[in-house]
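> In order, the protein sequences belong to chains A, B and C. Sequential numbering of the first sequence, starting at 1, is according to my numbering. Sequential numbering of the second sequence, starting at 1, is according to my numbering. Sequential numbering of the third sequence, starting at 1, is according to my numbering.
If you are wondering where the hints come from, they were derived from the structure by calculation, not from laboratory data. C-beta atoms are modelled at their ideal positions from N, C-alpha and C, and glycine is treated no differently. Some hints here could point you the wrong way.
Here chain C is said to cover these stretches of chain A; the calculated rule only asks that three of the stretch's residues, wherever they fall, bring their Cβ under 8 Å from a Cβ of chain C [unchecked claim]:
1) 11-22
2) 96-108
3) 182-188
Far from chain C, by Cβ distances over 12 Å, these chain A residues were calculated [to be verified]:
4) 7
5) 25
6) 28
7) 46
8) 49
9) 52
10) 55
11) 88
12) 121
13) 139
14) 143
15) 157
16) 204
17) 235
18) 247
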Amino acid sequence: MLQPFALEEPTSVREASALLARYGEAARLYAGGTELLLAMKEGLLHYDRLINIKTIAGLADITRDADALRIGATATHRTLERSPEVHTHFTAFTRLEAHVANVRVRGTGTIGGNLCFAEPHADPGTLLQVYDARVKLARQGSTRTLAIEAFFVGAFEVALAEDELLTEIQIPYLPAHTAAAYRKFGLLERPSVGVAVAVTALPSGVQAVRIAVGCVGPTPRRIYEAETMLSGKEIAAVRAGLPEAGELAGRAADAVSDLHGSADYKAYLVGVLLRRAFEDAYQQAMAGEATDG
Amino acid sequence: MAEQHTASRQTILIRLTVNEHGHEVAVEPHETLIELIRDHLGLTGTKKSCDMQVCGACTVLLDGRPVSSCTLLAFEARNASLLTIEGMAQGGTLHPIQEAFIACSGFQCGFCTPGMILTAKALLDEHPQPTIEEIKHYMRGNLCRCTGYKRILESVQTAAQRLASAGGAR
Amino acid sequence: MRFAKQVTVAAPRQVVWDLLWDIARLTLCVPGCQSAEMIDPYARYRATIQEKVGPFRLTVPLDIDIAEHNAPQRLIARASGRDRLLQSHVKVELALTLLEVDPQSTALQVETDVAVLGKLGTLGHSVIIRKGEDIVDQFATALQAELQKEKG
Numbered sequence: 001m002l003q004p005f006a007l008e009e010p011t012s013v014r015e016a017s018a019l020l021a022r023y024g025e026a027a028r029l030y031a032g033g034t035e036l037l038l039a040m041k042e043g044l045l046h047y048d049r050l051i052n053i054k055t056i057a058g059l060a061d062i063t064r065d066a067d068a069l070r071i072g073a074t075a076t077h078r079t080l081e082r083s084p085e086v087h088t089h090f091t092a093f094t095r096l097e098a099h100v101a102n103v104r105v106r107g108t109g110t111i112g113g114n115l116c117f118a119e120p121h122a123d124p125g126t127l128l129q130v131y132d133a134r135v136k137l138a139r140q141g142s143t144r145t146l147a148i149e150a151f152f153v154g155a156f157e158v159a160l161a162e163d164e165l166l167t168e169i170q171i172p173y174l175p176a177h178t179a180a181a182y183r184k185f186g187l188l189e190r191p192s193v194g195v196a197v198a199v200t201a202l203p204s205g206v207q208a209v210r211i212a213v214g215c216v217g218p219t220p221r222r223i224y225e226a227e228t229m230l231s232g233k234e235i236a237a238v239r240a241g242l243p244e245a246g247e248l249a250g251r252a253a254d255a256v257s258d259l260h261g262s263a264d265y266k267a268y269l270v271g272v273l274l275r276r277a278f279e280d281a282y283q284q285a286m287a288g289e290a291t292d293g
Numbered sequence: 001m002a003e004q005h006t007a008s009r010q011t012i013l014i015r016l017t018v019n020e021h022g023h024e025v026a027v028e029p030h031e032t033l034i035e036l037i038r039d040h041l042g043l044t045g046t047k048k049s050c051d052m053q054v055c056g057a058c059t060v061l062l063d064g065r066p067v068s069s070c071t072l073l074a075f076e077a078r079n080a081s082l083l084t085i086e087g088m089a090q091g092g093t094l095h096p097i098q099e100a101f102i103a104c105s106g107f108q109c110g111f112c113t114p115g116m117i118l119t120a121k122a123l124l125d126e127h128p129q130p131t132i133e134e135i136k137h138y139m140r141g142n143l144c145r146c147t148g149y150k151r152i153l154e155s156v157q158t159a160a161q162r163l164a165s166a167g168g169a170r
Numbered sequence: 001m002r003f004a005k006q007v008t009v010a011a012p013r014q015v016v017w018d019l020l021w022d023i024a025r026l027t028l029c030v031p032g033c034q035s036a037e038m039i040d041p042y043a044r045y046r047a048t049i050q051e052k053v054g055p056f057r058l059t060v061p062l063d064i065d066i067a068e069h070n071a072p073q074r075l076i077a078r079a080s081g082r083d084r085l086l087q088s089h090v091k092v093e094l095a096l097t098l099l100e101v102d103p104q105s106t107a108l109q110v111e112t113d114v115a116v117l118g119k120l121g122t123l124g125h126s127v128i129i130r131k132g133e134d135i136v137d138q139f140a141t142a143l144q145a146e147l148q149k150e151k152g
């Protein structure tokens with residue numbers, strides 16, 4: 001049984017922000033509740049007040065801008081899974097969202113909630129990192145935009161001020177000849193290892209590779225050292241370098257041994273998933289569409 | 001939504017349809033949907049099993065979409081149409097999905113079965129002719145400890161066939 | 001879960017050993033330590049540790065038993081406590097070994113074995129491991145700093 005709490009239902013971002021400022025740590029934003037309510041049911045967290053932000057109009061909208069797709073924070077995973085706009089521009093993201101948790105969580109849980117709860121064993125943050133996505137944060141009267149990498153501070157910790165809300169995720173459209181892919185592994189309810197790759201490739205060679213590893217460390221992270229290793233090379237050289245890049249990424253991922261597996265095992269899986277995600281993204285990029293798979 | 005703050009606790013008056021019957025219930029913000037269904041409404045066909053939205057035994061359909069009633073807050077069902085296992089049969093007639101589960105022996109202890117049937121209904125409403133892979137994917141979040149899943153999958157496939165020949169989902 | 005860290009301190013071994021029993025100064029070196037008291041010198045102590053991971057807070061009152069103390073080289077302590085709110089049990093076994101490098105410097109080895117049982121242990125397993133490593137690191141570094149400070 002949940003401990004009792006009061007419910008606030010603001011109808012604007014400003015109002016929600018004012019409530020956060022007023023109640024501080026005694027209050028928390030509530031959207032799908034698929035992470036938050038679990039922790040509250042377990043007694044690990046308690047709030048006197050939940051601030052329902054699903055009552056704020058427009059916060060779940062998906063909008064095409066000139067250079068990026070804007071995804072409202074309270075859009076559910078299911079909405080993203082079925083969104084034609086997401087599918088057109090970011091098919092790897094469509095596929096990722098289709099495999100989050102289970103169909104019930106997908107229908108209720110939101111992308112904003114997923115990112116803000118910052119449970120390390122999650123999928124979206126990892127792929128959003130290779131998309132160079134940004135998050136828009138709002139508080140009373142002002143907004144700011146942050147690179148998604150800067151948003152994740154630690155396990156269950158994000159760069160939100162006490163009275164700030166995540167309102168939107170912005171994903172810049174992929175440049176030509178670029179595609180992305182995400183691969184994950186897990187036997188438990190949450191994923192144990194996740195690797196995202198974005199590849200820009202032409203017949204002449206692989207121009208750029210972006211790599212992110214998630215679920216393994218306290219936050220998802222880009223592995224720049226491995227990216228440098230694989231960028232600006234012919235495909236044969238890139239493929240030859242994948243095992244070493246995989247090892248590098250495995251070490252850099254900062255795994256700990258836990259119920260999801262030993263650190264060595266996870267590092268090994270990073271290498272495997274990197275190889276698979278790379279091939280998938282590369283094939284898509286070479287197929288010539290500026291989308292991904 | 002009508003809301004009042006009592007001396008100690010807030011209650012929210014909600015209207016919802018449950019198995020095509022209208023209800024008006026006062027709930028507290030922290031009450032879960034399964035508490036509303038089982039305790040307020042006395043519909044005990046919905047089972048609380050893992051209580052952490054993992055197993056799917058507590059699945060009900062909210063405006064046609066499957067939700068974990070153990071973790072969804074009750075007030076979220078306001079102005080919505082709720083379908084529980086009790087609402088599947090019409091009058092004395094079982095729903096084709098229920099008949100398929102019986103025909104294919106798609107249950108043993110029966111504890112996961114309401115969730116299985118409702119999830120299958122949501123799937124078939126959306127996707128009348130799913131492939132076996134699509135069924136497995138959609139129902140991945142419904143766990144069964146008894147059957148080994150084979151007969152459950154057969155039940156869903158059989159249900160799809162029966163619904164198709166009966167002229168579509170109902 | 002086991003954690004270990006070794007630091008070298010520019011202080012004689014006896015000085016380091018004495019610091020370990022100076023409750024007031026030692027508690028300053030333990031991250032999250034809210035309070036500490038001596039119940040029975042060289043035998044029993046009590047301390048409250050508070051740690052935070054994101055929004056999750058753990059407050060554990062620990063009962064500490066000194067299982068072994070062999071001046072000035074080895075100390076083994078066993079602590080246990082329970083966070084009522086999180087229904088989680090914490091057990092710590094701590095071994096401190098002091099090795100003389102030379103008359104003016106000491107190698108301090110910190111080894112701990114931490115068990116977190118109950119809800120937090122299951123849900124926050126990897127988080128606890130990282131925190132544990134952090135805490136041991138900070139403890140060793142803080143001891144080092146405290147001893148350098150004394151030196152002037």
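> Are the hints correct? Go through all of them and say.
Hints, verified against the model:
no., hint, in the structure
1, 11-22, "violated (count 0)"
2, 96-108, "violated (count 0)"
3, 182-188, "violated (count 0)"
4, 7, "holds (19 Å)"
5, 25, "violated (8 Å)"
6, 28, "violated (8 Å)"
7, 46, "violated (8 Å)"
8, 49, "holds (14 Å)"
9, 52, "holds (18 Å)"
10, 55, "holds (23 Å)"
11, 88, "holds (35 Å)"
12, 121, "violated (8 Å)"
13, 139, "holds (19 Å)"
14, 143, "holds (24 Å)"
15, 157, "violated (4 Å)"
16, 204, "holds (42 Å)"
17, 235, "holds (36 Å)"
18, 247, "holds (21 Å)"
Of the numbered hints given earlier, the model fails hints 1, 2, 3, 5, 6, 7, 12 and 15; all others are met.
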